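Required output: the full structure, derived from the provided sequences and hints.
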Amino acid sequence: AKLKDTYADTLPRMVSKRTGRIHASFHQTGAVTGRLSSSGPNLQNIPIRTALGREIRRAFVPRDGQHLLLSADYSQIELRVLAHFSQDEALLSAFRADQDVHAFVAAQVFGVEPGQVSSEQRARAKAVNFGIVYGQTPFGLARQTGMSRTDAKQFIERYFARYPGVRRFLDACVEKVRQTGAATTILGRRRPIEDIHSRNPARRSAAERLAVNTVVQGTAADLIKRAMVAIHQRLAEQPDVARMLIQVHDELVFEVRKDGVKGVTAMVREQMSNALPLDVPIKVDVGVGQNWLEAK
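Numbering follows UniProt numbering, in which position 259 of the sequence shown is assigned residue number 259; successive positions increment by one, without gaps.
Quick caveat, the hints were computed from the structure, so don't treat them as lab data. Each statement offered as a hint is correct.
Calculated lysine-lysine pairs in the DSS-like style (CA-CA distance at most 25 angstroms, straight line):
1) K225 with K283
2) K296 with K225
3) K258 with K296
4) K283 with K126
5) K258 with K283
6) K4 with K296
7) K126 with K153
8) K296 with K283
9) K225 with K262
10) K262 with K296
11) K262 with K283
12) K2 with K296
13) K4 with K17
14) K126 with K296
As the structure is a prediction and not an experimental result, all values here were calculated from the model.
Structure follows, in structure tokens:
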């Protein structure tokens with residue numbers, strides 16, 4: 001019912017009679033982390049987790065049969081930013097070797113060969129990898145993966161024992177906010193965090209999570225915005241070949257003339273991969289299709 005009310009019924013009514021397109025607004029300062037936000041409608045919130053939700057994306061198509069949609073998506077960008085800032089040797093080497101970082105972490109934490117990692121072990125490692133910058137707790141990990149709280153606690157302890165650089169980075173983020181009252185991204189964007197000295201434990205721990213998350217997620221936001229500026233400048237040189245349509249956090253979507261797909265793909269990948277100098281390779285997944293679902 002929510003899909004029907006929010007998307008299937010609503011989106012067609014928002015198509016401009018003049019252009020035949022939906023025109024959303026994007027807000028540069030709408031999210032405290034520095035990410036763009038979207039409204040009228042919120043095109044950054046089109047579902048992708050369920051099969052039915054993904055069908056909504058099938059409705060987004062290029063202007064005509066001579067064009068395709070191209071989706072370019074940063075791969076595990078926040079983890080790569082974490083590796084860059086933490087300078088943890090094991091994490092850096094995994095990305096430099098282009099390994100499956102979730103399987104790599106699972107193998108190291110569980111003490112098995114990479115080829116012997118089970119899907120369950122990989123899922124647990126993935127939950128910790130993505131949760132670590134959001135202050136993943138044993139309770140949260142246990143709830144997310146179905147493991148016991150004792151096992152979750154042990155897993156997190158083993159993770160930090162194996163990746164001491166990550167632990168040092170998290171502690172340094174919190175300490176910097178305690179000293180300066182603010183967290184800073186790679187490009188110097190500053191976010192005040194006032195509750196870091198709160199006597200309320202819940203507010204203080206939330207502030208500690210923000211101290212880390214602001215640096216990592218905020219830097220990822222800096223990265224894609226820098227890429228967007230560079231790509232916009234390149235596309236302006238050939239405006240009839242492609243246009244940037246939307247940004248969905250780590251993903252950019254373009255409408256591209258069929259005969260320009262190869263060149264635009266190479267240009268977009270190059271600009272996104274080199275938007276900022278990180279100490280790990282930045283990987284970009286690119287897909288092309290007749291609609292947004294196919295391209296993704």
